[in-house]
Amino acid sequence: MKDKFKSSKWQEVINWAQKRSLFMLHYCTGCGAIELPPTMTSRYDMSRFGIGPAATPRQADILLITGYLSTKTLRRVIYTYEQMQDPKFVMGFGSCTINGGMYWDSYNTIKQLDKYIPVDLYIAGCMPRPEAILEGFMELKNKIETGNADGYLRYKEDYDFYKENQEKVLGEVKRRQ
Amino acid sequence: MKNMNGGNTMDKSKMTEMFFGPNHPGVPGNYGINYYYEGDTVVSAEPNAGHLHRGFEKLMEEREWIKNTPLVCRICVMEPDINEMVYAMGYEAIGEIEVPKRAQYIRSIILELARIQAHIFSIGGNSAAIGLYSAMQIGVLARDYILDIFEEITGGRVYHIYIRPGGVRHDIEDETFDKILDLLDDLENNRMPEFQKLIFENPTAQKRWKGTAVLKQEDVLRLGVTGPALRATGLEHDVRRLMPYGAYDEVDFVIPTGQDADAWTRLQLKRNEIFQSINIIRQLINNMPDGPVSVKLGNALKYKIPEGEAYVKVESSRGEYGYYMVSDGGLKPYRVHVRGTSTPLGLYGVEALLPGTRIEDVPVWAHSLGICPPEFDR
Amino acid sequence: MRNESEVIELIKNKLNPLDVKKLRTQNLAVTLKKDELISGLNYLKAHSYIHLATISCVDWIDDNEFELVYHLFSYEDKINISVKTRIDRKESKFVTIKNIWAVAQYYERDIHDFFGVEFEGNDDMDELILENWNDIPPMRKDFNTREYVDEKYEWREYHG
Chain A
4 MKDKFKSSKW
14 QEVINWAQKR
24 SLFMLHYCTG
34 CGAIELPPTM
44 TSRYDMSRFG
54 IGPAATPRQA
64 DILLITGYLS
74 TKTLRRVIYT
84 YEQMQDPKFV
94 MGFGSCTING
104 GMYWDSYNTI
114 KQLDKYIPVD
124 LYIAGCMPRP
134 EAILEGFMEL
144 KNKIETGNAD
154 GYLRYKEDYD
164 FYKENQEKVL
174 GEVKRRQ
Chain B
1116 MKNMNGGNTM
1126 DKSKMTEMFF
1136 GPNHPGVPGN
1146 YGINYYYEGD
1156 TVVSAEPNAG
1166 HLHRGFEKLM
1176 EEREWIKNTP
1186 LVCRICVMEP
1196 DINEMVYAMG
1206 YEAIGEIEVP
1216 KRAQYIRSII
1226 LELARIQAHI
1236 FSIGGNSAAI
1246 GLYSAMQIGV
1256 LARDYILDIF
1266 EEITGGRVYH
1276 IYIRPGGVRH
1286 DIEDETFDKI
1296 LDLLDDLENN
1306 RMPEFQKLIF
1316 ENPTAQKRWK
1326 GTAVLKQEDV
1336 LRLGVTGPAL
1346 RATGLEHDVR
1356 RLMPYGAYDE
1366 VDFVIPTGQD
1376 ADAWTRLQLK
1386 RNEIFQSINI
1396 IRQLINNMPD
1406 GPVSVKLGNA
1416 LKYKIPEGEA
1426 YVKVESSRGE
1436 YGYYMVSDGG
1446 LKPYRVHVRG
1456 TSTPLGLYGV
1466 EALLPGTRIE
1476 DVPVWAHSLG
1486 ICPPEFDR
Chain C
15 MRNESEVIEL
25 IKNKLNPLDV
35 KKLRTQNLAV
45 TLKKDELISG
55 LNYLKAHSYI
65 HLATISCVDW
75 IDDNEFELVY
85 HLFSYEDKIN
95 ISVKTRIDRK
105 ESKFVTIKNI
115 WAVAQYYERD
125 IHDFFGVEFE
135 GNDDMDELIL
145 ENWNDIPPMR
155 KDFNTREYVD
165 EKYEWREYHG
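Chains as they are written, first to last, in the working numbering: chain A, 4 to 180; chain B, 1116 to 1493; chain C, 15 to 174.
No wet-lab data here; the hints were simulated from the structure.
Hints are not guaranteed to be accurate.
Okay, the calculated beta carbon distance ranges per label pair [stated by the list, open to error]:
#, chain 1, residue 1, chain 2, residue 2, range
1, B, L1350, A, Q62, 45 to 51 Å
2, A, S11, B, G1246, 41 to 47 Å
3, C, E141, A, R178, 22 to 28 Å
4, A, Q62, B, L1256, 35 to 41 Å
5, B, Q1332, C, T45, 55 to 61 Å
6, C, K166, B, Q1332, 45 to 51 Å
Quick reminder that beta carbons are idealized off the backbone N, C-alpha and C, glycines included.
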């Protein structure tokens, strides 16, 4: 399925247009969200790259997980991720998504984000500077152009693996649609 | 569903449930309010908290005294320096350690700079809640220049880890003090007049803010609320005068108060406090004494204080912020309890004081009272 | 406007404390018996101590007791008083003070979530901050958080 998408000429045009207009969901999940307003406003302006905020998950392309996730938020993030339309991309922000970070021995936060939803790109730091966030967006655009940002396809193929990990941590997760 | 201040009916067919939930652009942080409304008015509400819980109090019991300093500043994200200050004050109160004078002056300068940048961010957030987005753009830009000064002094933009038990980490040079004074001149002469014209003399914005989110004096006192919400009812209570800490008993400043306790008065109080803070920093820099900046306490991994307890508090930009610390004479703290500023308003205030407002004023209510969710979720 | 020694005299004469002491300037600590706590708080509230900052709970596992601490403050005297009492650890029950300060119902719900203490008279004891928690209350001293994490979550493997 992946090869058929990569080699079609029509897909190249779609990738070219898509990487220039990305909408980011405005959901601040953790303490890394304090460096988002400087990135969005006039000093480190990010709308010159075509990236802007969106209010609802149905209208967004990128989901930014800014920092740690408690189990209560993880349930809402799974509902949000499944309500977004294809193609969609997930970026992990900060060192808490990689291996637990500062709260490695806390009973309420998750340690690896990769087991619950598929991640396309990680940005290191605690917390990352606005220049690092913009560098991450540039890298994501390169990945979209070459067709490597396929987290949403992996979620459909390996659905049993993700579902088993989610239910181990959360109990039962009701799928609403 | 509770019928707190009485709706018109308890008939469920006339009420609608709404999740002003965690995923919303109008809410200040990852926090939700579930409410029932009838027509256009809120009838009953309850808070939906706990999305940001990391278990700080348990983590602090597992680490030695010095290892808690990088952990503590992550409790309140808007103003991280007050957490470091209160932790150091609690340690010094139980251990009866006296901090040198130059360190107290430098600590007060850092706290006042943190207060200015938190007030500017809050004015921007209040304006974004009613739709005035250009105030957010210029506000965050003015705040960024203050973060540049923090980066030059301490090395980090947001989390500084500069104030620790015994004093501060290292000294500040004279050129940095000159840069701070230049920045304060720029704030007072260029940035604040821009805010004045755009936000405070704007007739549409005034109409939205005047008369919304009114809190009367008896409600504020019985809930235990402090800060601008209390001073907007006419009382002049401030922790910097009631229980002085740092170098605040050696400077001259006025505490601004207001009369009608609505969102417009609280916003004007924040602007007046910015001018008072600029005045305080200038006095502190001009009278700075010489001397050491820290007390030598020995090997950092073996800090120890005798048995005891203390409840210490400071004045953050939103009110009283306190810690209750208990020590049993060992290498790790026995119990630390964090009392955030917005604990009474974010939890009980939603149930008791929100019914009666219109739906479009609920974000204005949440932003203007300074609800910061990581403080009560910890 | 009273100073610390006058307040200590007042407390010794009118209430029946087990212990009163001055910790440092503007900071006092009073220990009362379990059954006399409500009347003590009512008395202090009528004599200008109207501000309840918070309610804390400390787990003394060696003595087999919980200690509840109520932090009061007066804007006229400018003094902090910490009013303490001890309850049993196995059968941890106490009365609510929501008739004196209505905001205390949420502080008591928080203590119930983390320590397991029950408060008679306060009906609303749903989970406030944790969700679907099925182990012992996490702030007790016999709950080991690192063992819990090793059991429930997995660590990332690094190569090279």
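> Looking back at the hints listed earlier, which ones does the structure fail to meet?
Replying inline: Those not satisfied are hints 4 and 5.
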